[in-house]
Amino acid sequence: MKVKTFPRGIHAGDRKEATAQKPIEDAPLPGEIILPLQQHAGVVCEPLVQAGDAVLVFQKVADTDAPVAAPIHSPVSGTVKAVGARFHPGGLKMASIVITPDGSQAEAELVSPPANPGPDEIRKLVRAAGIVGLGGAAFPTQIKLTPPAETKIDSVIINGCECEPYLTVDHRLMVESPEAIIGGLKLILKAVGAAKGYVGIEVNKPDAIEALAGPAGAAGVEVVPLEAKYPQGAEKQLIKSLLNREVPSKGLPSAVGALVQNVGTAIAIYEAVSFGRPLTRKVVTVSGGGISEPKNLRVYIGTPIKEVIALCGGLVDGAAKVILGGPMMGVALSSLEAPVIKATSGILALSAAETELAETQPCIKCARCVEACPMGLMPNRLGAMVEAGIWDELSDESLFDCIECGSCVFVCPSNRPLVQNIRLGKYTFAGKNRK
Amino acid sequence: MADDKLIISPSPHISSGENVNTIMFAVIYSLLPAGAAAVYFFGPRALALIAVCVGACIATEYVFQKLRAKPITAFDGSAIITGGLLALTLPPGLPVYMAILGSIASIALGKQIFGGLGHNIFNPALVGRAFLQATFPVAMATWTAPLVWLSAKVDTASAATPLGLMKFELKATSYDKLFFGNIGGSLGETSALALLAGAAYLYYRGYIEWRIPTSFIGTVAVFGGLLWLVEPGRYPDPLFQVLAGGLILGAFFMATDYVTSPITPTGKLVFGVGAGVILIVIRAWGGLQEGVMYAILLMNALTPLINRYTKPAVFGKGP
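In order, the protein sequences belong to chains A and B. The first sequence begins at 196 in our numbering and counts up by one. The second sequence begins at 3 in our numbering and counts up by one.
Just so you know, the hints here were simulated from the structure itself, not pulled from any lab data. Don't take every hint at face value.
[As the list claims (entries may be wrong)] With a straight-line cut-off of 20 Å between C-alpha atoms, the simulated PhoX-like cross-links for lysine-lysine are:
hint: 1; chain 1: B; residue 1: K7; chain 2: A; residue 2: K501
hint: 2; chain 1: A; residue 1: K319; chain 2: A; residue 2: K217
hint: 3; chain 1: A; residue 1: K621; chain 2: B; residue 2: K319
hint: 4; chain 1: A; residue 1: K445; chain 2: B; residue 2: K319
hint: 5; chain 1: A; residue 1: K381; chain 2: A; residue 2: K391
hint: 6; chain 1: A; residue 1: K445; chain 2: A; residue 2: K621
hint: 7; chain 1: A; residue 1: K347; chain 2: A; residue 2: K391
hint: 8; chain 1: A; residue 1: K255; chain 2: A; residue 2: K347
hint: 9; chain 1: A; residue 1: K385; chain 2: A; residue 2: K319
Sequences and hints are given; from them, build the entire structure.
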């Protein structure tokens with residue numbers, strides 16, 4: 196039977212052998228916890244503590260009244276060392292709460308949630324727990340669980356694709372905690388009033404498909420195997436593959452009655468609504484040719500990346516780049532002092548051999564980028580127009596439909612900076628229109 | 003390691019590893035069977051022509067780039083391909099000095115004045131051949147019989163090509179001769195077998211896509227076949243149309259040139275169909291016996307327009 200998928204896309208290779216079969220290990224307490232005040236898309240939080248304050252595990256340490264935001268909780272018990280600028284994984288410094296753990300892990304008392312919460316209560320519990328999209332976008336989940344009034348969600352999809360090479364976080368979570376995932380999915384269905392739940396999983400994870408089969412079947416949820424292709428886990432492509440609906444340009448999935456949530460987010464929702472537990476730990480895959488002992492680790496949010504790498508035997512001689520996220524869309528780190536934040540899924544150390552910085556050659560119109568682009572764009576043309584600064588013509592083009600997946604650059608035999616130019620074009624274009 | 007040794011660059015951080023130079027050299031390898039067949043049928047003359055064309059193309063590119071103070075890319079493989087393809091379209095008896103002039107034309111006029119690799123509109127090898135056809139029409143239409151070079155006595159003996167025989171004398175040529183190459187013609191158009199072997203290699207490597215060759219050859223077979231059905235005495239059958247002349251060389255090695263053909267899937271089909279129609283029109287009713295060169299050059303000219311009108315449907319923007 197032909198496995199469902201979307202048109203075009205690329206086969207970027209798995210590179211998951213190093214960690215796919217390694218169970219998640221709990222990381223020990225780090226020497227220091229650094230919590231940037233913005234770990235989500237939306238409005239930055241205000242600190243609720245100051246230097247010298249004692250904090251407990253699960254205690255809320257930052258929040259804001261703005262709706263598009265998520266509060267931040269301490270993952271450790273200890274003392275606030277400082278509230279000041281520290282390196283953020285994005286490369287710049289940001290106001291952060293720095294905590295020195297005392298080792299006791301004394302917990303703040305959790306408020307027991309009601310036994311059978313309604314949709315509004317579910318949303319409140321999700322916000323109170325500081326849950327954001329853990330697939331990487333870090334969008335405050337309570338907003339996603341509040342679809343616009345005119346829309347009706349009929350399908351909720353849990354995203355178990357994990358199409359980025361190297362990453363095995365969602366894979367291990369599906370194998371090790373399938374009931375929590377289905378539990379979270381049931382709460383999401385209730386919150387948005389949808390009837391049908393799905394879990395989309397790439398076929399390169401047969402053990403995950405098998406692990407979820409039982410709990411899914413019992414809950415009336417359909418597990419759908421999908422082709423192992425990049426970017427199968429991109430929201431629009433996932434909805435197209437599973438439901439054969441195209442999210443309209445400049446629109447949201449709710450416009451086609453769909454909602455997508457990451458596996459990790461589903462588990463966090465389950466824990467928040469069932470036990471009142473806020474988001475304080477994150478599973479990450481540490482891998483790549485530059486890491487001595489690749490692992491899947493459950494780390495305390497705020498652990499400095501250099502400490503996570505040390506837990507994996509440190510960097511190998513010749514490690515040239517450390518990336519936060521996957522190799523296709525992740526961010527190259529400028530400082531290993533930066534902490535793991537809510538959106539972190541992967542820490543990859545790549546050697547110079549694995550990292551491509553080859554010479555750029557002219558476009559030979561080979562059309563590999565056109566064949567690869569999951570959004571049906573012509574990346575060579577868009578990139579060339581941005582380089583030439585043809586802004587008038589670009590306004591008619593589909594520049595903003597680009598999801599920045601990087602497939603075009605991956606296949607380009609001339610190593611042309613296509614998606615990089617498209618990104619530049621988007622910023623410049625938005626800047627020009629703001630005048 | 004120290005933070006300041008970390009490489010920072012924007013995503014994506016990995017690549018397929020494909021390289022323009024790898025593609026070029028794969029195309030060169032794919033032309034080796036046809037080159038070998040040319041030498042087999044037409045002797046050392048063929049080898050001389052191929053060597054001269056390749057050398058002249060590389061030299062022209064080198065000089066052009068040097069004069070313009072641009073980076074020298076004459077050895078990246080593209081000039082070798084242009085020289086090789088040009089040689090394969092030439093009659094075996096063509097004087098060497100003409101081959102040199104044709105090579106200079108193909109690189110200078112067909113490629114470098116447009117800005118070099120990736121910027122030309124027309125297939126450079128075909129520009130060279132068109133230049134030669136216009137400048138030296140008699141020499142370009144003087145053909146040699148195959149395998150004559152093996153006998154010591156006769157140096158060259160002229161012979162008509164299968165297309166010429168068909169057009170001007172309504173004489174057929176056997177299919178096995180057409181397929182294996184024991185016929186008169188240009189260096190590269192004789193052995194369909196050798197050409198198909200090279201094309202199969204390129205297809206296996208993923209360097210040619212099925213749409214252009216299939217639509218080009220398919221249209222020739224269908225349109226040619228329709229004419230044959232209507233007037234079998236006057237028009238040759240579709241198998242002849244496909245095997246004779248430079249169609250196989252053109253469909254697999256010239257029409258599929260990345261730079262000068264459309265980049266959209268539908269566009270490639272339009273290109274192939276258009277070239278097929280033009281080819282049959284020229285062969286059936288034009289003054290020339292062969293039209294592959296003009297069919298491709300004319301469709302090259304239409305490629306930017308085809309690209310504009312066959313853009314793929316953007317996700318989420320409806321049909």
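Would the hint linking K7 of chain B and K501 of chain A be met if the CA-CA limit is 20 Å? holds (14 Å)
Holds or violated: K445 of chain A to K319 of chain B, with C-alpha atoms at most 20 Å apart: Roughly 9 Å separates the two Cα atoms, so the pair holds.
Going straight from one Cα to the other, do K347 of chain A and K391 of chain A come out at no more than 20 Å? The given pair, whose Cα atoms are some 12 Å apart, holds under the 20 Å limit.
Do the alpha carbons of K621 of chain A and K319 of chain B lie within 20 Å of each other, as the hint requires? Status holds; Cα separation ~19 Å.
Pair hint K319 of chain A and K217 of chain A, alpha-carbon separation not exceeding 20 Å: Measuring from Cα to Cα gives roughly 35 Å; hence the hint is violated.
Straight-line alpha-carbon gap K255 of chain A to K347 of chain A, limit 20 Å: With Cα atoms ~33 Å apart, K255 of chain A and K347 of chain A exceed 20 Å; violated.
Pair hint outcome, K445 of chain A versus K621 of chain A [Cα-Cα no greater than 20 Å]: holds (14 Å)
Holds or violated: K385 of chain A and K319 of chain A, Cα atoms, limit 20 Å. OK: K385 of chain A and K319 of chain A at ~14 Å, within 20 Å.
Proposed proximity, K391 of chain A with K381 of chain A (alpha carbon, max 20 Å): Roughly 10 Å separates the two Cα atoms, so the pair holds.
In the structure shown, a violation is registered for the earlier hints numbered 2 and 8, in ascending order.
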